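The opening residue of the sequence shown carries number 7 in our numbering; numbering runs sequentially from there.
Calculated directly from the structure, the hints in this document are not laboratory data. You may find that some hints are simply not true.
To be verified - The following label-pair restraints were derived from C-beta to C-beta distances: (1) Leu60 - Thr8: 47 to 57 angstroms; (2) Arg107 - Pro20: 19 to 29 angstroms; (3) Pro20 - Trp61: 25 to 35 angstroms; (4) Leu101 - Val65: 21 to 31 angstroms; (5) Ser10 - Ala51: 31 to 41 angstroms.
Quick caveat, the model's predicted, so the values are computed rather than measured. Just so it is clear, CB atoms sit at the ideal spot from N, CA and C, and this is done for glycine as well.
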Amino acid sequence: MTTSTFFEWLESTPVSVAIAQSSWLFPAIEAVHVLALTAVVGSIAMVDLRLLSLWSSGVPAGRLVRSLLPVTWVAFAVAVVSGLVLFATGATVYLANEPFRYKLLLILLAGVNMLVFHALAGQRLNSWQAGATPLFARFAGGLSLLFWTGVVFLGRWIAFV
C-alpha cells in the first residue's frame, strides 16, 4: 500500500466519513482541539515568559515548570488525538495544504527546542531561583514562543488555503 493509498483509505473509513459529514461532530471535535491547543500554548507561554524574565520572575523557574508540565502534557495529548481525528476526515486535502505542513514542522521544531532545553537545563532548572535565567534558557523560551505562535497562526490559516 502506497502512502497516498493509505491516506485515501483513511479518509474513506466509515468513522472519518461520518465525522466529516456530521453537521455537529466535526465542529465539536475541532472545538476540543482548539481548547486543548489553547491550554498547551498558554501553559508553555507562561514558562517561556518566565524563562525570558518577562513574567512571574519572583517564582523559581523549576517550580513553575513542575506545576505546569502535567497540564501541558494532558492538553497536548488531547490536541494530538483530536487533531489526528480531524486529519483523518480529509487526509489528502490536509497533506496538500501548505499551512498544515508548516504547522507540523513548527510543532516538530518546538519539540526539538524543548528536548535541547531540558538536556541543557537538566537538574539545574531546580536551582534557578527568582530573577533572570541563563542566556540559553532565554533563547529557548524565545524560540518556543515564536514556534507556538506560528502554530496558532498556521492552524487558523489552514481553513483559508
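So, going through the hints one by one against the coordinates:
With their beta carbons about 48 angstroms apart, Leu60 and Thr8 fall inside the hinted range of 47 to 57 angstroms. For the pair Arg107 and Pro20, the supplied restraint of 19 to 29 angstroms holds, since their beta-carbon distance comes to about 27 angstroms. Against the hinted window of 25 to 35 angstroms, the Cβ-Cβ separation of Pro20 and Trp61 comes to about 47 angstroms, which falls outside the hint. At about 42 angstroms, the CB distance of Leu101 to Val65 disagrees with the hint of 21 to 31 angstroms.
At about 37 angstroms, the beta-carbon gap between Ser10 and Ala51 stays in the expected band of 31 to 41 angstroms.
Going through the hint list in order, the structure does not satisfy hints 3 and 4.
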